[in-house]
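Visitor: Hints in hand, dock the two standalone chains.
Now for the letters of each chain:
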Amino acid sequence: MSVADVSPRALPPLGPNRRLKLPKQAERRLGNGLTVIAVRRPAVPLVELRLWMPTGRTHLARGAMLAQTMLSGTQSMTSVQIAAELQAVGGGLSAGIDPDRLMLSGAGLVTGLDRMLEILADVLTGATYPGQEVGTERDRLVDRIQVAQSQPAHLARTALLRRVYGKHPYAVQTPEPEQVRAVRPAALRRLHAERVHPADAVLVLVGDVQPERALDAAEKALAAWNGAGHTAELPPAPPLEPGPLLLVDRPGSVQSSLRIALPAVPRTHPDHAALQLANLLFGGYFSSRWVENIREDKGYTYGPHSLVEHSVAGSVLVAGAEVATEVTGPALLETTYELGRLATLPPKPDELEQARQYALGTLQLGMSTQAGLASLTSAYAGSGLRLEFLAEHAARLAKATVDDVAEVAQRYLAPARAVTVVLGDAERVAPALSALAPVRTEPVRP
Amino acid sequence: MAARRSRIPATKYPVERFTLDNGLRVVLTPDRSAPVIGVAVVYDVGIRSEPEGRTGFAHLFEHLMFQGSENLEKLAHFRHVQGAGGTFNGSTHHDYTDYYETLPSNALERALFLEADRMRGPRLTEENLRNQVDVVKEEIRVNVLNRPYGGFPWLTLPPVMFDTFPNAHDGYGSFDDLESATVDDAADFFRRYYASGNAVLAISGDVDVAEATALVQRHFGDVPARPAPDRPDFAEPDLTAERRSSYTDALAPLPAVASAWRVPDPITDFAGYLPYVVLAEVLTDGDASRLVERLVQRDRAVTSLGGYVGFMGDPFDVRDPTALLLQAHLPPGGDVDKVLRTVDEELDRLATDGPTDGELARTQARMATHLLRDTDAVLGRALRMAVLEQQRGEPGLLNDLPRLVGEVTDEQVRAAAATLRPERRASIEVVPGGAR
Chain A
1 MSVADVSPRA LPPLGPNRRL KLPKQAERRL GNGLTVIAVR RPAVPLVELR
51 LWMPTGRTHL ARGAMLAQTM LSGTQSMTSV QIAAELQAVG GGLSAGIDPD
101 RLMLSGAGLV TGLDRMLEIL ADVLTGATYP GQEVGTERDR LVDRIQVAQS
151 QPAHLARTAL LRRVYGKHPY AVQTPEPEQV RAVRPAALRR LHAERVHPAD
201 AVLVLVGDVQ PERALDAAEK ALAAWNGAGH TAELPPAPPL EPGPLLLVDR
251 PGSVQSSLRI ALPAVPRTHP DHAALQLANL LFGGYFSSRW VENIREDKGY
301 TYGPHSLVEH SVAGSVLVAG AEVATEVTGP ALLETTYELG RLATLPPKPD
351 ELEQARQYAL GTLQLGMSTQ AGLASLTSAY AGSGLRLEFL AEHAARLAKA
401 TVDDVAEVAQ RYLAPARAVT VVLGDAERVA PALSALAPVR TEPVRP
Chain B
447 MAARRSRIPA TKYPVERFTL DNGLRVVLTP DRSAPVIGVA VVYDVGIRSE
497 PEGRTGFAHL FEHLMFQGSE NLEKLAHFRH VQGAGGTFNG STHHDYTDYY
547 ETLPSNALER ALFLEADRMR GPRLTEENLR NQVDVVKEEI RVNVLNRPYG
597 GFPWLTLPPV MFDTFPNAHD GYGSFDDLES ATVDDAADFF RRYYASGNAV
647 LAISGDVDVA EATALVQRHF GDVPARPAPD RPDFAEPDLT AERRSSYTDA
697 LAPLPAVASA WRVPDPITDF AGYLPYVVLA EVLTDGDASR LVERLVQRDR
747 AVTSLGGYVG FMGDPFDVRD PTALLLQAHL PPGGDVDKVL RTVDEELDRL
797 ATDGPTDGEL ARTQARMATH LLRDTDAVLG RALRMAVLEQ QRGEPGLLND
847 LPRLVGEVTD EQVRAAAATL RPERRASIEV VPGGAR
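Chains A and B are the protein sequences, given in the same order. Taken in order, the first sequence gives residues 1 to 446; the numbers are from the working numbering. Taken in order, the second sequence gives residues 447 to 882; the numbers are from the working numbering.
This is chain B alone, in the form it adopts within the complex (with noise of 0.2 Å):
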């Protein structure tokens, strides 16, 4: 007898797109529940469209966007947006980077200024560049260099596994390349990638959709059309052997490792995708998930486990190539190896049995819990919305994915299991220096 299936719900947010003349794609989601609007621009571009030499250029641009603009003097922007009640940020992901604002609704017409006023030019000095590489060298040193397992896995298995620069390189970026940066690699990188072609605007919340509408075409009407550049193939083969490195993290007390196998495409293969997205669920999320029961309770062999797609943590913002992933620490003295064997014993397992009576059903309807949670926050739905926009045209399919994931079956996820295999894997290990 099956187990007891919970349904799973749907949010029905509308969505209005258009375009404007110069090539600014737009997608406007109302929802009046609360006095509150999420803005989000996205930019069609970011690690991997670094030039060699220039590693960490993509987020070190995103700081100077917020460095002043055309009619914008420094630090403008976050007094106009804080001095408004909103709260505003930037992120650089590997195929695109964001910049939005949380704010009361009736501030839409300010957060839409700002945002135009950028779009047109933000203001490239040497000052403003030399601050900013201080500022991002400290960003780094916090969250890489002066901590334990800094930048693991998402920077050190990239190299591991990937072979050409665009997709194996250090995105926060080495310190030699990022203080060689000037003020013409912007200028250049602004006109190539900035360009209202290659960008989204969306905006979620408390908005009239006719008012909006007028208010994007005021604003970002006469920002100087130019056209999305090609995106290069980013395209490697799968790898036909196992890979294996490892370092020594000198502040690290325990051992840790992380494995990556290449999934389908995202974008034009989703429904071969979507059943490595619910996989990684089924292996790992919470204490009744396969692996976490096996390896973390059963055998004590680790401490700690995770999994996911996508090198950052989210699977519906990506683009070919990238991978499912697993990590784990160890206990002290903890032996990596037995730890992969056992992900593989665990792989053959699920590949050959399928998930057990209800493991899949209720790894989906905590996935849509999931989904609805990140929803419910206005700037949640405009990030993702512009960012499926702009890599799927999209916008709506956000709507769907709780049921989507929903409509994996058993036989997809077996499938998707089988493919794992170790002649596929590449592994890092973090060695402890650390141990006291």
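Chain A with its partners taken away, still in its complex shape (with noise of 0.2 Å):
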């Protein structure tokens, strides 16, 4: 808004910003090698845990079986049992997993914490993967598998990643049905000895718990968890290859699915805070030029969005938008027009203060709950890290400069080193795309 546009009302000011605090920590290495990491919020009664265990390289159909049936029973328990003894403490353990580690994760009144690790620690070391319960979980998971298949939102994803890693592990991340079908209990026992064990695996408990205590609850419940098995390292993953846009064939559809790859660095890499910056002008929050572009003013979509995505083996940038199918070729024309401006001229002052604003608010919000500190300490512990991180991170926010921003975005951001994914009716948005770019179509497939 210009000077002489002084409004009846103007805009409060900022009160000082309050520095980032640390909560209170504590951190064990039990002798079975597990890491334990207790970090104080005492808000609600509750505790939040997340037990990240590396799982590189695990066959894709089993580690997802794996997931699905590791709380369906153990020597002394059956599954109902397990969820209703975790239940009485007001707890619950869920299970997922993707190529870089298996999680369990969960939450409960802090009074039950005891009993939670308890059971956690019956589930880690004496699953049984009874024959019955893997039979229904098999179903189940085909079941979940082909409704995935049938989202856009999935496929689009599907497409992407095929393109993005070619041959690396990270490239098919959802299993075919027959490839569960033919996974047998025995398969997943050995695949728990193999791989469900405690080395390299980081525990966190966040809540209403003194620290130190938390850790001797945790070293009690989880010292005699114990494997001979094995990790496997993850080669690095590829750089991004352009090349044609990959149209992938969905016909009827009445939106398009249009997903970007960048090039991007891990979170300790000296360009990552003001990568993540000029991400954030670009579409990574709501007041990006491309949010305020192909929504606020042409209305083509509800909810684009960048972001700039973790994995041990690699970070990429990830752009994605649902579009009318009428005008899907006007809208990768506008996402090209808006990261070839952000590639080659230098954000305004202003811009670049909103957006850091935003980032270190942001930081401040992230940790303001029991799960959000526990999600945030267990990713962080994921690739090394700890909260202390937080901090040099903040810093780095704070110090980037207009021309760091502008020089990441001329090496991240540029058109020229996007790959691009549109699913799609081919039909009807192939033309206004081989306008603007070559491309290549294929059929959908899941």
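None of these hints come from the bench; they were simulated from the model. Quick caveat, the model's predicted, so the values are computed rather than measured. Cβ coordinates follow ideal geometry from the N, Cα and C atoms, glycine included. Wrong hints could be hidden among the right ones.
Said to hold, decoys possible - Derived contacts from chain A toward chain B, CB cut-off under 8 Å, selection only:
#, residue
1, S105
2, D139
3, V147
4, P152
5, E322
6, T401
Unchecked claim - Calculated cross-link-like contacts (lysine to any residue; reagent style SDA-like; alpha-carbon spacing at most 20 Å):
#, chain 1, residue 1, chain 2, residue 2
7, A, K298, B, F524
8, B, K520, A, P12
9, B, K458, A, P45
10, B, K520, A, D350
11, A, K167, A, P238
12, B, K784, A, A313
13, A, K220, A, T35
14, B, K520, A, E351
15, A, K298, A, V254
16, A, K298, B, R576
17, B, K458, B, K784
18, A, K220, A, Q210
19, B, K458, A, A43
20, A, K167, A, L246
21, A, K348, B, E840
22, A, K167, A, A313
23, A, K298, B, E840
Guide: What follows is the structure in structure tokens.
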């Protein structure tokens, strides 16, 4: 707004910034190699639990079934008993897997922490993968995969991963139904013995706890967890290879799913803070150029968003939007324009300041709940970092200059480096897309 | 012998309430454990209040409240919130519409300024209206038209269960209705429903009560006074005969079904209503719950199952009429009739024998965790308290919910289960058109 445009009521200034204050925490490495981190946030009488176990190079279908059936029974409890015993202390556990890690997570009343840890230990050391339950869960997983394969967001993601990662383990992250049907309990017991072990695992406990006492509780429950398993290193993710736009044909689609991958760097890289800011300027928050352009100005889409995704083997920036079929070409044009503009012209200082405040403020918001702190601590620990890194990162965000951001934008956000995938009705969108870039079309596949 | 029972803990968030001269009700709930605040403004208007021929209008109007206001250009609201390190959103429900921000606490005054400015009046222009109609149409395509099970069951079950327009119609709206909306419609809607007397402001988190009170007075004190409109009676009689309907979802690969039964008035009969909220969890929360154990694990008749009270899944933000819902996805070729018969059988068993030893206590402990976890987020407290103030004049109820849930008895759950009879049930079935 220009000075001549002074409004009758002026926007109140912000008060002084509050300094980032880290919560009280403690860490211990147990004799069996398990790292335990306990963080105190006593706001509500609960405790959050995250157990991160590296799973690089795990067989895809067996890994998915392992997560699906890990809580299906132990030497001493059935699946229903596990669920009921956890419920009794207000608790619950769930298991999930991706190419980096197997994660057990949950939350419960803090008075039930010892019991939750006991049950966790029972599952880790004595999961039995009973035949009947494995059969049931196999069918459920197949059904779930089938539903996922009918969702455009899933199909677009699948196509993008395959295009970006080629032969890397990250390329395919959802097993085929037939592969799942072939998984037997014996294979799950074997996989559990090989891969569910404490050596490189990290347990995070966050909540209304005294950190040292929580570490003692974890040590008491989990010291006996052992296993002669192995871990496998993931190869580094391959660099992006720009090429023709990949158009995945989904006939009858009323929207096109636009996905663009760009290079990025890990959290500890010197460019990371400036790249995070450049990403915000482009499409990483609502007040970004891309959202203001294709949503608030043109109405092409509801929720465009771009994000730097960090994985163990590498980082990538992914921008995604669901746009109306009839404006697919124009939406790509505006997207390329905004990327190109950021890559070739420096941002305005006030625009950068706004993104910087957002990045710093949302750090505070992210650590203001038990669940947020737990997920952040666990994600950091998974890449070898601790909460102290927050302060370091905040300092880098505070320091990044217009020149720094312009430089990284040219290096990482250049449209020339983009890998683009569009899922949509090829017959209707191909002509406009072909006017903007070389296009290679393929049929949709799960 | 009774199973060991976890003590249900409580929170003690303080609550300050006052009303400005213009009728705006204010709730403050300070908590200085983190340097963040939640600010929520809730207007007492939602999907049920939309005029006929204007389906989706409450939601479209919510979008228009972000398009600039008396002292703010288009885009300014977003930039000012995010440029202060905060996040924002709004959402439209059956009985209310909310607008909210989470921010570092040094931005309190800025947030109040922004909310007060649009309470005085949004900039309703033809250009903004057309732009947001386009955006809303894309929102509907993402969430309903371009995906399997879009709008199931929150949009597809009400027309089976209810007969009157307010309760039965599609709250996302038809494209025809959205496209016919005019700036005059929007101005009328604002004048009628977005009145200071029809709103509640709640502030939670890192604030000083005296300072926050003064700032609220400064920014909202001169919002012109307009009274709350009379709220129409949306009551409908209960069903006396079973209703069933089905439709083909061209994108869905598997069959699905959802059923609903009416429940007591959440506001005027809270004590009678609460057992249904607990019952939904007894039936469906986790692998040890009745219906999951039976239908998923034992019979393998369904792939996934959920149960809750309120069509949008929140039992503590709805007025009458509302319902307890069960929804299930079936395996390929699954038999919906058989699933419904099994549900009846399990409800009969619960109505006859009551919960088993410890079954209710463990469900209540788990519910307490969920309730407490939601209130840990500073915004969760502001939103929840704003709605409790608006609908009940009782924001402090938030502190009591875990305990009240914990006081529901076996006998109450048994009696609630006994009312879920097939003849009071409305069901909607999704026929998969996308099976490969």
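Visitor: Could you run down the list of hints and mark each one as holding or not?
Guide: Hints and how they fare:
1. Checking A:S105 against chain B by beta carbon gives a least distance of about 13 Å; that is not within 8 Å, so the hint is violated.
2. Evaluation of the A:D139 hint against chain B yields a held restraint, the C-beta minimum of about 6 Å falling below 8 Å.
3. Contact between A:V147 and chain B, as hinted, is supported at the beta carbon level, the nearest pair being about 6 Å apart and thus within 8 Å.
4. Using the Cβ-Cβ criterion of 8 Å, the hint placing A:P152 at the interface with chain B is satisfied: the shortest such distance is roughly 6 Å.
5. The interface hint given for A:E322 is met, as the beta carbon of that residue sits about 5 Å from the closest beta carbon of chain B, less than 8 Å.
6. A cut of 8 Å between beta carbons decides the hint on A:T401: the least distance to chain B is about 18 Å, and the hint is violated.
7. Our distance criterion of 20 Å between C-alpha atoms is met by A:K298 and B:F524, whose separation comes to about 17 Å.
8. Between the alpha carbons of B:K520 and A:P12 the distance comes to roughly 18 Å, so the proposed pair stays at or under 20 Å and holds.
9. The hinted pair formed by B:K458 and A:P45 meets the criterion: a straight-line CA distance of about 11 Å does not exceed 20 Å.
10. As the CA atoms of B:K520 and A:D350 are separated by approximately 17 Å, the hinted pair is consistent with the 20 Å bound.
11. Distance hint between A:K167 and A:P238 is fulfilled; the C-alpha atoms sit about 9 Å from each other, no more than 20 Å.
12. At most 20 Å may separate the alpha-carbon atoms for a hinted pair to count; B:K784 and A:A313 exceed this at roughly 48 Å.
13. This hinted pair checks out: A:K220 and A:T35 have alpha carbons roughly 14 Å apart, not beyond 20 Å.
14. Of the pairs offered as hints, the one joining B:K520 and A:E351 holds, with about 16 Å between alpha carbons and a cut-off of 20 Å not exceeded.
15. Taking the CA atoms of A:K298 and A:V254, the gap is about 18 Å. The hint holds against a cut of 20 Å.
16. Distance check on the hinted pair: A:K298 and B:R576 sit about 10 Å apart at the alpha-carbon level, within 20 Å; holds.
17. A C-alpha spacing of about 47 Å is found between B:K458 and B:K784, which places the hinted pair above 20 Å, so the restraint is violated.
18. With a C-alpha separation of about 15 Å, the suggested pairing of A:K220 with A:Q210 holds against the 20 Å cut-off.
19. For the given pair, B:K458 sits about 10 Å from A:A43 by alpha-carbon distance, which is consistent with the 20 Å threshold.
20. With a C-alpha separation of about 17 Å, the suggested pair A:K167 and A:L246 falls inside the 20 Å cut-off, and the hint holds.
21. This hinted pair does not check out: A:K348 and B:E840 have alpha carbons roughly 48 Å apart, beyond 20 Å.
22. Restraint check for A:K167 and A:A313: satisfied, since their Cα atoms lie roughly 13 Å apart, inside the 20 Å limit.
23. For the suggested pair A:K298 and B:E840, the alpha carbons sit about 43 Å apart, so the restraint of at most 20 Å is broken.
This entry does not satisfy hints 1, 6, 12, 17, 21, 23, going by the numbered hints stated previously.
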